[in-house]
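Enquirer: Sequence:
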Amino acid sequence: MGKIYERIDGRLRAFIEEQHVFFTATAPLAADGHVNVSPKGLAGSFVVIDETTVGYLDLGGSGAETIAHLRENGRITLMWCAFGGPPRIVRVHGTGTPVFRDDPRWKELLPHFAESMRRRTDLRAVITVRAERISDTCGFAVPFMEYQGDRTLHTQRFLRETDESFAAYCEAKEHVGVSLDGLAALPLPLPPRTA
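So for the sequence shown, the numbering used here puts the first residue at 1; every next one is plus one.
Since the hints were derived computationally from the structure, they do not count as laboratory data. No residue lacks a Cβ here, since even glycine has one placed at the ideal position from N, Cα and C. Watch out, some of these pointers could steer you wrong.
[Said to hold, decoys possible] Cross-link-like lysine to any residue pairs, in silico, SDA-like; alpha carbons within 25 Å at most:
id, residue 1, residue 2
1, K173, T194
2, K173, L159
3, K40, P111
4, K3, E17
5, K40, F23
6, K3, K173
7, K173, F15
8, K40, E108
9, K173, P111
10, K173, F140
11, K173, G10
12, K107, K3
13, K107, A27
[Said to hold, decoys possible] Taking CB as the label site, the calculated pair distances span:
id, residue 1, residue 2, range
14, R193, F140, 22 to 32 Å
15, E132, V35, 16 to 26 Å
16, E108, F140, 34 to 44 Å
17, L153, F23, 30 to 40 Å
18, A43, G182, 20 to 30 Å
19, T137, E17, 17 to 27 Å
Generate coordinates for the entire structure from the input sequences, incorporating the hints supplied.
Expert: Following this line, the structure appears as structure tokens:
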């Protein structure tokens with residue numbers, strides 16, 4: 001039976017932090033807009049900031065639908081599934097905010113993340129999510145799967161980038177500055193890093 005939580009603490013926090021992957025879901029306000037669901041999960045790229053706020057690093061490599069939707073309406077749901085151990089699904093419904101590289105909050109947020117992630121050239125934003133509803137349900141239909149490790153391809157690909165080449169990469173990539181539905185996404189030219 002599912003439960004509603006007032007905060008992310010104790011066993012709930014431990015469960016979230018132990019998972020190797022989570023999913024984000026966002027949508028534009030337009031009824032005919034594209035709903036977006038994205039997997040996230042490089043080690044060190046997600047943190048519980050406080051009992052009602054989480055954050056994750058937005059990295060280069062794909063479009064910027066989540067950022068566009070958050071800039072338009074802020075709605076976001078995060079979901080974690082237990083692929084091992086007792087069955088469980090946790091969802092955080094909340095308001096998300098993209099904090100870009102030239103935002104004064106960037107310097108305050110970055111130290112929450114692993115050093116290896118803070119140094120990455122392909123950091124585009126820190127996404128913070130203020131929880132409005134925190135719940136869990138059974139995960140009886142979620143299959144058992146074994147974690148073998150993070151894929152290294154994404155990290156290896158972006159190790160080749162400098163700040164300048166990554167900025168050029170973002171400007172040349174379709175659906176980074178503007179979403180599939182024409183919403184403002186990542187600010188371009190990419191703001192320089194303040195930290």
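Enquirer: Hint by hint, which ones does the structure fall short of?
Expert: Of the numbered hints given earlier, those the structure breaks are 6, 7, 9, 10, 11, 12, 13, 14, 17 and 18, listed in rising order.
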